Amino acid sequence: MPQILSARALMDRLVAFPTVSRDSNLDLIDFVQGYLSDHGITSVRVPNDDGIKAALYAQVGPDLPGGIILSGHTDVVPVEGQNWSSDPFCVTERDGRLYGRGACDMKGFDALAIAAMVEARGRALTRPLQLALSYDEEVGCLGAPPMIDHMLANGLPKADLVIVGEPSMMKVVTGHKGSTGYDVHAKGYEVHSSLMHQGVSAIMEAAKLIQWATACNAENRAKVPGPAGAAFDPPWTTVHIGKIAGGTAKNITAGDCHMALEIRVLPGETPSGWQARFEAEVARLNTEMQAVRPEAGISYHRWAGVPPLVPEADGAAERLLRQLTGDNGAHVVSYGTEAGQFQQRGFSAAICGPGDIAQAHQADEYISIAQFEAGEAFMARLLESLLA
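Residue numbers (our numbering): 1 to 388.
No lab work stands behind these hints: they were computed from the structure.
None of these values were measured; they are calculated from a predicted model.
Virtual Cβ for every residue (Gly too), placed ideally from N, Cα, C.
Warning: the hint list may mix true and false statements.
Label-pair restraints from in silico Cβ distances [stated by the list, open to error]:
| # | residue 1 | residue 2 | range |
| --- | --- | --- | --- |
| 1 | D314 | A9 | 32 to 40 Å |
| 2 | D233 | P78 | 48 to 56 Å |
| 3 | A377 | G51 | 32 to 40 Å |
| 4 | G40 | R345 | 24 to 32 Å |
| 5 | P62 | H240 | 32 to 40 Å |
| 6 | R22 | D233 | 28 to 36 Å |
| 7 | A9 | P234 | 39 to 47 Å |
| 8 | G51 | A304 | 25 to 33 Å |
| 9 | T214 | A377 | 44 to 52 Å |
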């Protein structure tokens, strides 16, 4: 008879896989697929283009529409440069907390979801429970869309709702901002700085984009937020430059400047709308730069946009989660998740998971034992609801 691992034991196993987004997650996927198979659960892999990563989905219960998806991601952020008190890839218990990279974000939830799938396998469910584990969430939510499309295209009965288990302290989060962003390269023309009017400074032209971002933030902040935005902190779309580098010497107009620009978009606005605004500003600057030197200009690579999660009027996901948690508060967050991607494809979606997002990505990341146990109790109630 195959061994049934507790949710805590599963978390120990998952955290031990160093699935930093830059690296493969296949060892973890091999483990999960094998463990589910040992318990009679068939799962499907959805590999990425080069085959070094994969998403995975599975179902237990009747082969009917109307089920529930438990959604998590398998990748984690790096640990380099962080001062950890213990091995980040080994769960360590101290002072009522479970420390480890991904313990909070979000291998704790993944472990609870896998344990719930195995428990559900032996129960007489009236509707299906589905598991969806993605990759590359931490670098732009890249892995969920092909997985969702595969789920819809390959005969899996469509679920009614999705529970995205990002850490929310088991509160019901019904909205989040969307995002888009760019890697920007300003190409200038180098001359001696005493003759700067004959050249083009990549740094000074890139600074005009920073001025544009600052002006956008001032404009957005001055607006009276609408109903969709008022609950957010801050209640406006933000344009942020988080990284910049360029130049050769203090007396040479900079030949190159690279920077990273990120836009976090309120529900009710669209990443594509902000994309158009940014690209129009780049086109304007290019006209100015190329009037001085035709070879100068600004190019960019757009990151995959993450759609916002829009609060739903009487949404099925919100309704179920409020029943299971007793939380009737209004909660939205300014970070992005895969919930908006599920919602775009016709699923009701909301966020509810154990742990505090403030612990995510930190040195000594942890989930409290109390929160992990709250997650276990939640899964037990969820399974009971599938029997009714």
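- Quick one: are G51 and A304 within 25 to 33 Å, going by C-beta? violated (19 Å)
- Go ahead and decide if the range 48 to 56 Å is satisfied by the Cβ distance of D233 to P78. The hint (48 to 56 Å, Cβ to Cβ) is violated, given that D233 and P78 are roughly 27 Å apart.
- Message: Range first: 32 to 40 Å. Now tell me if the beta carbons of A377 and G51 are that far apart.
- Response: Given range 32 to 40 Å: holds, Cβ gap about 39 Å.
- Query: Taking the beta carbons of A9 and P234, is their distance inside 39 to 47 Å?
  - Reply: At roughly 41 Å between Cβ atoms, P234 and A9 fall inside 39 to 47 Å, so the hint holds.
- May I ask you to test the hint 44 to 52 Å on the CB atoms belonging to T214 and A377? Since the Cβ atoms of T214 and A377 sit about 47 Å apart, the hinted range of 44 to 52 Å holds.
- Task: Evaluate the given range 32 to 40 Å for the C-beta pair formed by D314 and A9.
- Result: Since the Cβ atoms of D314 and A9 sit about 39 Å apart, the hinted range of 32 to 40 Å holds.
- Message: Verify the CB-CB distance for G40 and R345 against the hinted window 24 to 32 Å.
- Response: holds (29 Å)
- Query: If you check the beta carbons of P62 and H240, does the distance land in 32 to 40 Å?
  - Reply: violated (47 Å)
- Query: Regarding R22 and D233, is the given constraint of 28 to 36 Å on their beta-carbon distance met?
  - Reply: holds (31 Å)
In this structure, the hints that do not hold are numbers 2, 5 and 8, in rising order.
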